[in-house]
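Start from the sequences and build out the full structure, keeping to the hints where you can.
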Amino acid sequence: MKLILSTSNLMTSGSTVIRPPTEKSNVELINSLRANLHAAQSTSPSDYTTWTKSSPHALYIPATDFAQGLSEERSQYDITVKLFYLPGIPASRRCAHTREAIDLVLKELHVDSIDLLIVSFPGILFDADDDSEEEEEGSSDNGSEEPDDFDSIIQTWRTLEELQEQGMIAQLGVAEFGSERLARFLPHTKVKPSVDQINLKDCCVVPKSLILYAKQEHIQLLTHNDCNDVLPVGTTRELLGPGEKGVGILASAPDKDDGIQGDVEPQWVVKYTAVVKDRGVVENKGYFALADVGSCVVKP
Amino acid sequence: MGLLALGTALDWPEAKKRADQVRKWGIEQLLANWHRAKGKERNALLWGDEVEYLVVAVDDETKKARLSLAQAEILKSLAKDEALWKEGNSSHSQNKEHEGEEPPHFHPEFGRFMLEATPGKPWGIDFKDLLKVESNMKWRREVAKAHMAPNESPITLTTFPRLGTKDDYIQPYYPPSGPALRSQFVPDEIANPHIRFPTLAANIRSRRGRKIELNVPVYKDINTPQPFKDPTVDYDLHNWPEDDDVRNGAAKDGHVYMDAMAFGMGSCCLQITFQAKNMTEGRKLYDQLSPLGPILLALTAATPIYKGFLVDTDVRWNQISGAVDDRTREELGELPLRNDRWRIPKSRYASNSTYISQDPRLRKEYLDPNLIIDEDIKKRLIDDGMDDLLATHFAHLFIRDPLVIFSEDLEELDLNKADHFENLQSTNWQHMRFKPPPPDKDDIGWRVEFRSMEIQMTDFENAAFSIFIVLVTRAILSFDLNFYIPIQRTTENMETAHARNAVLEQKFYFRKDPFARRRQNQQSPNGSNVSSTTSSAHNTPPPSPPLNPVESEYDLMTIADIINGSADGSFPGLIPLVESYLNSVNVDVETRCSLASYLDLIRKRANGTLWTGAKWIREFVASHPGYKHDSVVSEEICYDLVKAVDEMTVKEGKHGTVGWELLRGKKN
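Going down the list, the protein sequences come from chains R and C. The opening residue of the first sequence carries number 1 in full-length UniProt numbering; numbering runs sequentially from there. The opening residue of the second sequence carries number 1 in full-length UniProt numbering; numbering runs sequentially from there.
No wet-lab data here; the hints were simulated from the structure. All values derive from a computational prediction rather than experimental measurement. One or more of the hints may lead you astray.
The calculated DSBU-like cross-link candidates involving lysine-lysine, where the alpha carbons are at most 35 Å apart (straight line), are [unchecked claim]:
1) C:132 - R:208
2) C:138 - C:512
3) C:651 - R:208
One side of the interface only, derived from the structure: several residues of chain C facing chain R at Cβ under 7 Å [claimed, not checked]:
4) 367
5) 480
6) 664
Glycine included, C-beta positions come from ideal geometry on N, C-alpha and C.
Spelled out as structure tokens, the structure:
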């Protein structure tokens, strides 16, 4: 079964958005999910079926009716979507995942296209001190995960290019690419990325080589503050499990009978922001996350 | 200072007779304009900064710094250049760095030693625009300097340290005691000669029934005489009836005494004006920025010297307030009300006294229970359809008399103009100003002006504070922040901000939780959205759950906590809010790094790592070899200070150069 988690609009939901400015983390996602889930749960603490919505293929946590949308015309907004492919999930699923994620965002915002889709591949970590990111592959902190291999990135990009051609996405972007990876990547693309989003830990030590290369290739370097592995398995179970921090949907362990049984496997996370263009006001920002649960989950 | 219309200015007895007419016509103009403009929608964010300069002439031979009264010549020369510019013939248009930018605009100010400069075109919210602000400010300074004598410079000190002393602190020199100001310290020639300014000064004095009276507590150093009696006061002057003021106790012991509008209106400020999307958003920003006024005043503190003495306050605000205080003794409460209509608690230049947003979060307890309004005017506004809050706001501004009236303007009421409205509106110098669109400019929307900040010595600082405020407005709108506190607390905060080193040593009332309370289940079962306060929330009653006592909503906080967040995490802090906003929008690397350096300045001012301008000036004086620890800022110190400030505007404290303590925090 698919579990579709959502945060609702973070901008109006209070202090969940605040964190120490330099902390690169997934605190925003986890806190806002937790806050949204708990708020929904408080209407009926013991029976999650009243505040979630079950469809033939998925359980929406909490229930969402996609009723809100944006307050002004589509043309007033810049809509940026960032899709996190999670570690350990086969690249072959990404085509379906991408559509799934984009569809949810379009439905949530009541729009039929987005302006920029940035994709984040697992295991790619940009290191400002050293632009030769090849060495970092495999040396990421969550050590057990395999770095994304280059072929699967190209394969995924094909899917994105198709969506772009269909007019669903105006521009594409990547995250955490250093200049060498970009140089290797670009020749394989029909639609070049317009954006490379990098995380600046200690602001402003961007390798000159990247600045120059990006300029030459007309790729805009944007900053972000996201974590690479935004939704670890353990966190997901903690959020949805029976414990003090959870909302009592999942069992405390795959084989326990205090909730839905089986392994839980987060598949992807998508973040969306709708900014009123000429006023710089963020009107809507939120996340969806999708996790599979069940005994027949394919182990990577 | 508004447009400089020409005509026959009425002196006070005449102006007073026509005051009702001007007010009435002003209200009719407001209503006509409000009907026209209330539906204006979708205006982009545009904003502008105003930087004010003192023009200082230095004489390196005699080691003297003087105020230059060359404003008119400089402006004439600038205007000529701007005209050439438009034809593409000016040398400055060749300046590569500013290619494609509109030339800056220069404006006269009250003081004849002052200039004001604004960007040639308003800024937008494109983050790349934000990067142009600092370089544009520097450019303005260069352009201004290019039109001055070689020994003159535009300096961004709030006040000239030796304005009003016995020596020749102005050039050309004029002796004090003229018919308009009747000051024993400054000549009438200190003011812009345009008829508006001497009339303004004379009518304020005349309406008051005596001269302006400013007493600033002197800073008591080890050698300062005790008790301190301002040694520059002349008790034996007999040129004008007002010369009696000092014999009647106008100059107070322990204080530096000043007696003319120039001591206040001759101060330089940093003001920011924003265009809102519509009237509703403008009203919201007006309310939400109001509690920030005193905080930014204390953070930008830069005014520790008056009339050649170190004083015990750090900011200019109350001096300007007193300098244009036209209240009579009856209005001040010193005499029983006989001729005047009200006791009025504040000067025309003061912290603002109204909230105007139709926001369900605005509780009636936040409003000033003792607000003075003109009931007839309010009735007129309401009868014509204006809502109670906005009608109250204007009925409050219109308790004042118009000060400068040109007889030519009283012949016919033109509802397509705003001159009479502006006569009152723009002489209500509150720390926030809500500005209706000008009737003749269709492309301009509702605007809000943030007016409390002191000018900073360098353009880096001025850009940092301007951009910070812009980003705060974006965070307010994006997160729908709530900074409401009872408006009297803001008035008290404004006083608190005056204390020496208030930024580190004082606490300010501030709202504890700036977030809208999280609603249970944001979407109701029928799918209608109950959480949005952006739509027509002002038409719905306030949320029904019982509200906590107003007193429990706010607390006394340090500026470090307000800006950077409290250590226990209970208050998020304005900088983290701004950072959080920036993390939600697409910002390119270069812009983010510049913004980081601006936010860093403000963060460190708030936590004391960097000094305020006021502290730096105090330390400069204290460590000057010529300083005798008697509070006196001599001509020699003044000269060295001006030179240091001039150097600082260029070197900006880099590599341990002068001013590193307030700009960098480290010597290298």
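Going down the list of hints, with the structure as the test:
no. : hint          : in the structure
1   : C:132 - R:208 : holds (22 Å)
2   : C:138 - C:512 : violated (38 Å)
3   : C:651 - R:208 : holds (26 Å)
4   : 367           : violated (25 Å)
5   : 480           : holds (6 Å)
6   : 664           : violated (16 Å)
Against the hints set out earlier in the document, violations occur for numbers 2, 4, 6.
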